[in-house]
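Novice: Below are the chains, spelled out letter by letter.
4 protein chains.
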Amino acid sequence: MTTMFENTERGTEYVKRLTAFMDSHVYPAEAVYAQQMRESGNPNHHPQILEDLKAEAKSQGLWNLFHPHAEWGPGLTNLEYAHLAEITGRSPQLAPEATNCNAPDTGNMEVLTLFGTDEHKEKWLRPLLDGEIASAFAMTEPAVASSDATNIETSMVREGDEYVINGRKWWTSNALHENCKVMIVMGKTDPDAPTHRQQSMMVVPMDTPGVKVVRGLPVFGYQDREGHAEVLFDNVRVPTSALLAGEGDGFMISQARLGPGRIHHCMRVIGMAERALDLLIARAQQRVTFGKPIATRENIKDWIAESRMEIEMARLLTLKAAHLMDTVGNKQARMEIAAIKVVAPNVALKVIDRAIQIHGGGGVSDDFPLAEMWAHVRTLRLADGPDEVHKMTIARQELRRVDPEWGRKK
Amino acid sequence: MTTMFENTERGTEYVKRLTAFMDSHVYPAEAVYAQQMRESGNPNHHPQILEDLKAEAKSQGLWNLFHPHAEWGPGLTNLEYAHLAEITGRSPQLAPEATNCNAPDTGNMEVLTLFGTDEHKEKWLRPLLDGEIASAFAMTEPAVASSDATNIETSMVREGDEYVINGRKWWTSNALHENCKVMIVMGKTDPDAPTHRQQSMMVVPMDTPGVKVVRGLPVFGYQDREGHAEVLFDNVRVPTSALLAGEGDGFMISQARLGPGRIHHCMRVIGMAERALDLLIARAQQRVTFGKPIATRENIKDWIAESRMEIEMARLLTLKAAHLMDTVGNKQARMEIAAIKVVAPNVALKVIDRAIQIHGGGGVSDDFPLAEMWAHVRTLRLADGPDEVHKMTIARQELRRVDPEWGRKK
Amino acid sequence: MTTMFENTERGTEYVKRLTAFMDSHVYPAEAVYAQQMRESGNPNHHPQILEDLKAEAKSQGLWNLFHPHAEWGPGLTNLEYAHLAEITGRSPQLAPEATNCNAPDTGNMEVLTLFGTDEHKEKWLRPLLDGEIASAFAMTEPAVASSDATNIETSMVREGDEYVINGRKWWTSNALHENCKVMIVMGKTDPDAPTHRQQSMMVVPMDTPGVKVVRGLPVFGYQDREGHAEVLFDNVRVPTSALLAGEGDGFMISQARLGPGRIHHCMRVIGMAERALDLLIARAQQRVTFGKPIATRENIKDWIAESRMEIEMARLLTLKAAHLMDTVGNKQARMEIAAIKVVAPNVALKVIDRAIQIHGGGGVSDDFPLAEMWAHVRTLRLADGPDEVHKMTIARQELRRVDPEWGRKK
Amino acid sequence: MTTMFENTERGTEYVKRLTAFMDSHVYPAEAVYAQQMRESGNPNHHPQILEDLKAEAKSQGLWNLFHPHAEWGPGLTNLEYAHLAEITGRSPQLAPEATNCNAPDTGNMEVLTLFGTDEHKEKWLRPLLDGEIASAFAMTEPAVASSDATNIETSMVREGDEYVINGRKWWTSNALHENCKVMIVMGKTDPDAPTHRQQSMMVVPMDTPGVKVVRGLPVFGYQDREGHAEVLFDNVRVPTSALLAGEGDGFMISQARLGPGRIHHCMRVIGMAERALDLLIARAQQRVTFGKPIATRENIKDWIAESRMEIEMARLLTLKAAHLMDTVGNKQARMEIAAIKVVAPNVALKVIDRAIQIHGGGGVSDDFPLAEMWAHVRTLRLADGPDEVHKMTIARQELRRVDPEWGRKK
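Residue numbers (full-length UniProt numbering), protein chains in the order written: chain A, 1 to 410; chain B, 1 to 410; chain C, 1 to 410; chain D, 1 to 410.
Derived by calculation from the structure, the hints in this document are not laboratory data.
Please note that a few of the clues may not be correct.
Just so you know, same-sequence chains aren't split out, so a pair can sit in one copy or run between any two.
[Said to hold, decoys possible] No farther apart than 30 Å at their CA atoms in a straight line, the calculated lysine-lysine pairs in the DSS-like style are these:
(1) K188 x K212
(2) K181 x K212
(3) K292 x K123
(4) K121 x K350
(5) K181 x K350
(6) K16 x K292
(7) K54 x K181
(8) K292 x K188
(9) K212 x K331
(10) K331 x K292
(11) K350 x K188
(12) K123 x K54
(13) K181 x K331
(14) K121 x K58
(15) K58 x K292
(16) K188 x K123
(17) K331 x K54
(18) K292 x K121
These numbers were taken from a predicted model, which means no experiment stands behind them.
Working from the sequences, and respecting the hints, build out all of it.
Specialist: What follows is the structure, given as structure tokens:
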């Protein structure tokens, strides 16, 4: 199916190559992955199959696809990469990491590229780009509503050549990854500055004294391999060179990483929805109830048609957002970037839920990837701002757009 | 707001000119139109203001915008015209007819261009293109479910040099238009032919003996100006030259007119949704309840944001359908053409309904265009096939796409 | 189907008798009514068939069924009457008026019974109870949001033995009824009093000088027979004896009429939904598409099942509200009285819309009662407060109910 | 809040006592339970706190509340018990088992009471009623669609004085409970009998040779304490006395256990929804975003009001089903028993999902009971027949109810 108005030749070529890699290496690796994880008995185990896939992807040049700078990867546009992110989303536990396009590493790599010191680049960015280490991002806090970023309370107090960090974070993704070596941490350097200049971001090695990974948070019943950790910062001391950009730039940096990250997440989510729809349709054709295949029933056909329409529209909107970012910039794409964050997860949840329903008991268990996909996508209605906050962003813009006298004048 | 990935320079130019025409001529004419209609006391009255607008549009070169053939109009692509159809949809009772882009005249003009004889072109197509006459399209029948076109029962029996037509049609739009001079009629010439070769289409002048316009059908309580008529064909005799294309080509012709018509309808519907959203927002900013403007309430902001997202996605899908028709043809766009027919009216109904709710009692009356818009759009969930039939089309294609063994193999 | 936990013997007896009256007299009268209305050419015509039905209902003792006081009718409880209101709702243009149970006459009769002077009772209540005259209720105003009753601006200024009324009302139902002789009008007697003591209600004969019925408001194109009028009060003078209860009691009176009126409206709406469902099912069994009856398709069966479940739940909630009003009073039933006002119309709109969809073009025209029912029920999401206001009432009560510390303590 | 039209004095008394038990013992035990489970490191651990609660409940006479026969418990009606099931549902991991009202033990106890031999009663029913052992129910199979019970393939072949059972079951709930000693198993004794006479049910001790508990199935990542097991029957031999009722009675028995079980499940689900709503409201009052408590926002108030309305209606429908079962029997309550199975879980899922959304990251983790509740309730849209099957049951009944000629006659 044609998935956008146009893709470039280069983009189409990558789509073809990545699809071939999925067919020949990734899908067949899923069962191996499941077995290696099960055998390890450790939900945070880093299985060999992943390293094998990474090596293969690297050798095929399917590596760092996300990185916008040609120096570090193929240098694709947001629109070109968007199609690839969708494809990796079809096998969410393997494909993004296999191609070194995994969150939050991707966002961290972008931030280090743009705002890191030479030392940061040498010590952290380089091995991240090579897939040798993993990294975490610590922003959300348990004590305050994360939908309002200015609520953040973790303190970063300067003492001589050091900052002393105190606070409690949670949903620090990747912190339990076996390869995780470093974190980017958001905190407050100046509680008295203007609202959006109080925050700073710092690079904190995982083994810094005072950093304590308290626990991994389950998502529904899942302990994700990479982990969503609660992390305690107890008088953590870092040199002032840990600072990214300048003091007070934390909010600005978080905005900069935001746009592309949204596209990546949303397109992967659409990839999950597509896979769920494939599974739904295949199962509906296999299973027979009361004498005929489920797929012959008109209510199930309605589900299929509605899923197709909803996915298609969510994809077009996300591609438009990517295109706007490429051509007129994040600011002009504000409505679309807010909208896809609401639309894509909600559409995917609907499609996956229908697929679960068709799979019966198998659908809620781990015999199919559906229940775990659903749980993962459900968190995306909260991560990086709940739906409700993004809708307010859109409404604010619309209210500005329309003259209150419109109805009277025209 | 940017409404698509790209429009052409020519398309953008037309958007600008048509928008200016709307602002300077069409919106101000709405009150005049309402008054002229009211004063006439005749719901099927053809008011002078419409002729004035037609003259102005013609003089500005905003005429026959829909016509794909450069000989007859500007020769725009489906994608270029789609944006213009949206704009005319904002004032549905004036703008489409003012620019000679009104259904079913547009479809009839396309059919006559493609399949009409020289005589048809001289006698009917030319004055239609000049906006001198109007025309009707008679397909649906009261006695059978219109969702299945093969149900049609009107008989067209050849007797010598003539066909004798007998049957009863309804929802024959435009039949009560004061300028209506001719109909295109679908009927059965050969009940024994293969299912899709039984039907033929013929050109029937309104004043042919035996043609009886029985009544105008109300839509909810509205008697639309152009009329949706029940028409009785009682031994109506037409010469064999009335035939469009050949005997048995009726179904083929109806398919040919289908694609572009869908785009036109859906984009106009999106224009209506945009206007309803403008009215909603303006009103929400004006009205105060319990001490604050309605627009400050988060539930209303949710409505606004959801409306914006839904409209945006419906528009992108429709534009994609237009683009596919322009580039790979109707057949390759089958999914999209079916999908927009479901999506656009349903989205518009939701948005208009929210606008009605914000307008209180005014919303359901004729003090605002909302109730009439709603009633009109509601018919589009039925006209040209109910939602349910289009969903089955989409599901069928999806079922073909997915290998039933998918879930097992991958 | 059993429609509640229990009805009384008396209630069950009335159900039986009213059902028989519907079957033998009301349903057969519908076609006669349509013809008499059509022939009159006047949307506000009062046709003879209605008087015939009234005479018959009176002779059968099916008269003033709504009236809670045994002196004036059978003296049924709210719960007993609720079942009867549902039955009359199945033929909304005939049955309520035929049994003298039509709004707003019923509410007016209750108000006059409770708060009228002896003169009011003699002059207006008696002929209303006898079905000799009709009456209107003037509350909503075009200039202010009706969702907040304190917005009302019509002034009632005392001058000697008279009040002088100035203002503009709309949606004054029944004002165009040929028998309408009197209005109950809400206005402001003291703009400086506490918020809920500023309003008063007065009895105003329709022929009082200065009362001007400006126009009838259409509802989705329909001019309802009884009329929803815009009424201008231009220095209308009434004696001080026109006052119901005392000065400042307007809000209190409006609350008193509220509860029972809600039950009546909601149960009639449920009756409409039941009739729409009957029509839907019957049609789905008759019509054949693509070789099988629509009723054999699983998506249509889903609609039927969902309609049945939704109607059943809306009915139970309404009956519960009625029961609470009978046993613990309106105040204790506040949540339920607010909830049914939201639930019943929304459920009915869904069911009727599905029925319209099944009826195709016939569904939106006047060949079936569905389109007109839909338009009428749509107004009920606004009349007597929009959905949004009632939801706030419920939320307020819930917020009071739950201790903010709940989650921490238990 | 009054939750039904009327409860009996006896029922109201039990509501009071059970509520007190919840407040004084169950809610405070939740944290203890969580700690004991965590410390055990075993998801199927049976913690001491449960035995403590059971002892307390027994001593207070809050024991076997479900059992309709006065000999074995208080002998409450379905309607009386329904209110108690709702209350236990508020703490679903503790309260049902604490009061010996846990599924599938309850259904098994009813079946053994009605169809068990004296030996069954002595050996299994008595210790079950005393809470000394637990029991499982094995019906669903992985290889066939469970929505159609006649699909079951497990074979039960008579050989002399024994039956030999072969097959594979899954979702055998309670099979991993540490106290589980016995199963009731459904299988096919005669594949050639009429469709509903092929199945039989047998009593199979867990330690019978050939019974192999293959694995516990996760539910959205959760390994429930009692376990949903895949169980292999590999030439399992039981004496003919294992048969419940007669050969071929399996389907009949499954119907008999069905009705009351539905009420229990649905009322517990409503209890979960009520608790989720309490948590939602409490949290919305505590959390502040952008300067005001979430609970002051109108979109959140809409969620609260909608949750209240939806819960209320689902409860009334379930109570009506219980009442019908008490008064006119399961057969007459068929529509309602099918409807609540669809309505209650769907309503609860909506309410719990809203509560999760308000709780942010905490909502999807195990810091609140919401995610686990959601996962559990989601399985109920599948267990005991998917929604789709129950809707077909309702539609079938409606289609029978309405005369296809209705629309024409009336």
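Novice: Next, verify each hint and record whether it holds.
Specialist: Hint check:
{"no.": "1", "hint": "K188 x K212", "verdict": "within (19 Å within a copy, 58 Å between copies)"}
{"no.": "2", "hint": "K181 x K212", "verdict": "within (13 Å within a copy, 44 Å between copies)"}
{"no.": "3", "hint": "K292 x K123", "verdict": "neither (61 Å within a copy, 43 Å between copies)"}
{"no.": "4", "hint": "K121 x K350", "verdict": "neither (41 Å within a copy, 47 Å between copies)"}
{"no.": "5", "hint": "K181 x K350", "verdict": "neither (37 Å within a copy, 40 Å between copies)"}
{"no.": "6", "hint": "K16 x K292", "verdict": "neither (37 Å within a copy, 44 Å between copies)"}
{"no.": "7", "hint": "K54 x K181", "verdict": "within (18 Å within a copy, 49 Å between copies)"}
{"no.": "8", "hint": "K292 x K188", "verdict": "between (62 Å within a copy, 22 Å between copies)"}
{"no.": "9", "hint": "K212 x K331", "verdict": "neither (37 Å within a copy, 55 Å between copies)"}
{"no.": "10", "hint": "K331 x K292", "verdict": "between (53 Å within a copy, 27 Å between copies)"}
{"no.": "11", "hint": "K350 x K188", "verdict": "neither (38 Å within a copy, 37 Å between copies)"}
{"no.": "12", "hint": "K123 x K54", "verdict": "within (21 Å within a copy, 59 Å between copies)"}
{"no.": "13", "hint": "K181 x K331", "verdict": "neither (33 Å within a copy, 54 Å between copies)"}
{"no.": "14", "hint": "K121 x K58", "verdict": "within (20 Å within a copy, 64 Å between copies)"}
{"no.": "15", "hint": "K58 x K292", "verdict": "neither (47 Å within a copy, 50 Å between copies)"}
{"no.": "16", "hint": "K188 x K123", "verdict": "within (25 Å within a copy, 67 Å between copies)"}
{"no.": "17", "hint": "K331 x K54", "verdict": "neither (35 Å within a copy, 41 Å between copies)"}
{"no.": "18", "hint": "K292 x K121", "verdict": "neither (61 Å within a copy, 41 Å between copies)"}
Of the hints listed earlier, those the structure fails to meet are numbers 3, 4, 5, 6, 9, 11, 13, 15, 17 and 18, in rising order.
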